[in-house]
Amino acid sequence: MLGKSRIIKEWVNSYSDRMYSWALHRTNNKEVAEDLVQDTFIAAIQSFEKFEGKSEPQTWLLSILNNKIAGYYRKQYRNPVINAGSTGSDGENDFLNTFFDTNGEWQQQQRPAAWTDDTANLLDDAAFTTELQKCMDRLPSNWLAAVRLKYLEAQKAEAICQELGVAPTNYWQILHRAKLQLRKCLEVHWFKK
Amino acid sequence: MLSCRKATELIEKQFVAQLSLKERVQLNLHKSICDACTAYEKQSRLLNDLLKKQASATPDQIAEQENEALKANLLKQLPLD
Numbered sequence: 001m002l003g004k005s006r007i008i009k010e011w012v013n014s015y016s017d018r019m020y021s022w023a024l025h026r027t028n029n030k031e032v033a034e035d036l037v038q039d040t041f042i043a044a045i046q047s048f049e050k051f052e053g054k055s056e057p058q059t060w061l062l063s064i065l066n067n068k069i070a071g072y073y074r075k076q077y078r079n080p081v082i083n084a085g086s087t088g089s090d091g092e093n094d095f096l097n098t099f100f101d102t103n104g105e106w107q108q109q110q111r112p113a114a115w116t117d118d119t120a121n122l123l124d125d126a127a128f129t130t131e132l133q134k135c136m137d138r139l140p141s142n143w144l145a146a147v148r149l150k151y152l153e154a155q156k157a158e159a160i161c162q163e164l165g166v167a168p169t170n171y172w173q174i175l176h177r178a179k180l181q182l183r184k185c186l187e188v189h190w191f192k193k
Numbered sequence: 194m195l196s197c198r199k200a201t202e203l204i205e206k207q208f209v210a211q212l213s214l215k216e217r218v219q220l221n222l223h224k225s226i227c228d229a230c231t232a233y234e235k236q237s238r239l240l241n242d243l244l245k246k247q248a249s250a251t252p253d254q255i256a257e258q259e260n261e262a263l264k265a266n267l268l269k270q271l272p273l274d
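Residue numbers (this note's numbering), protein chains in the order written: chain A, 1 to 193; chain B, 194 to 274.
Don't read these hints as lab results, they were simulated from the structure. Treat the hints with care, as some may be off.
With a straight-line cut-off of 20 Å between C-alpha atoms, the simulated EDC-like cross-links for lysine to aspartate or glutamate are [stated by the list, open to error]:
no., chain 1, residue 1, chain 2, residue 2
1, A, 68, A, 17
2, B, 245, A, 118
3, B, 264, A, 39
4, A, 9, B, 228
5, B, 245, A, 137
6, B, 246, A, 125
7, A, 75, A, 118
8, A, 75, A, 163
9, A, 68, B, 253
Could you put the whole structure together from the sequences, leaning on the hints where they help?
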């Protein structure tokens, strides 16, 4: 159908930069961002008849893209990439053992130190957001996915757990580990410098 | 008496699920005598705030990056006539 092709081509030229930038912001991975944009256009072509000019094309395309991004996180959550020292229940116990001794007390080197109270404008500081992003990238991919899902979707935990088919305990245990690591990373790379 | 390990787990749990009354009482008691876990909770709340704000940026607030190669690839790969 000529009209549809012409319109989609216009959309590629007009909107794909914005879509790519958004997907890159959300996933921090160029290849993944490109794939997600391509998947979005494929989905848009398939459901083009449903669009019918009901909203702005960019709005519609971005909503499809957001669904694709969330799907990517769900896949990351279910299929953890094997990272050194972070798999299996033994790996996870090893992880917690680096923070806590056999009595469950903080290891001396791991005790949270006091941070500055001046935190209101941290996100305006590009140097800080870079460190935050780097710390997030150091997380195992399924932990990062759990963190992303929590804040991206703003869904209730029960809904996330049901959808992923995981026990709630497993979900917040992963968040527990992720936050321990993230907190430590930021303390070392930002707050204690 | 809760261990710090368990206390930090409950601190994270409270952000996604309701603590039981017993858990809530045990956690408060632990925090009242543990500076490290009190600091941990404050910092974890700060992280929640930062992560939430970071996630709530809208597409228009992100600097647009050009990707000519992507556009060319899309026009080539997509099932268009």
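Hints and how they fare:
A C-alpha spacing of about 17 Å is found between residue 68/A and residue 17/A, which places the hinted pair at or below 20 Å, so the restraint holds. The hinted pair formed by residue 245/B and residue 118/A meets the criterion: a straight-line CA distance of about 18 Å does not exceed 20 Å. A hinted pair counts as satisfied when its Cα atoms are at most 20 Å apart, and residue 264/B with residue 39/A qualifies at roughly 13 Å. Annotation: proposed proximity of residue 9/A to residue 228/B is violated, straight-line Cα distance about 60 Å (limit 20 Å).
Between residue 245/B and residue 137/A the alpha-carbon distance is near 17 Å, which keeps this suggested pair within the 20 Å criterion. For the hint linking residue 246/B to residue 125/A, the alpha-carbon distance of about 13 Å falls within 20 Å, and the restraint holds. Between residue 75/A and residue 118/A, the direct Cα distance comes to roughly 37 Å. Violation of the 20 Å bound is thereby established for this hinted pair. Taking the CA atoms of residue 75/A and residue 163/A, the gap is near 12 Å; set against the 20 Å cutoff, the hint holds.
The straight-line distance between the Cα atoms of residue 68/A and residue 253/B is roughly 19 Å, inside the 20 Å bound, and the hint therefore holds.
Hints 4 and 7, counting from the list given before, are not met by this structure.
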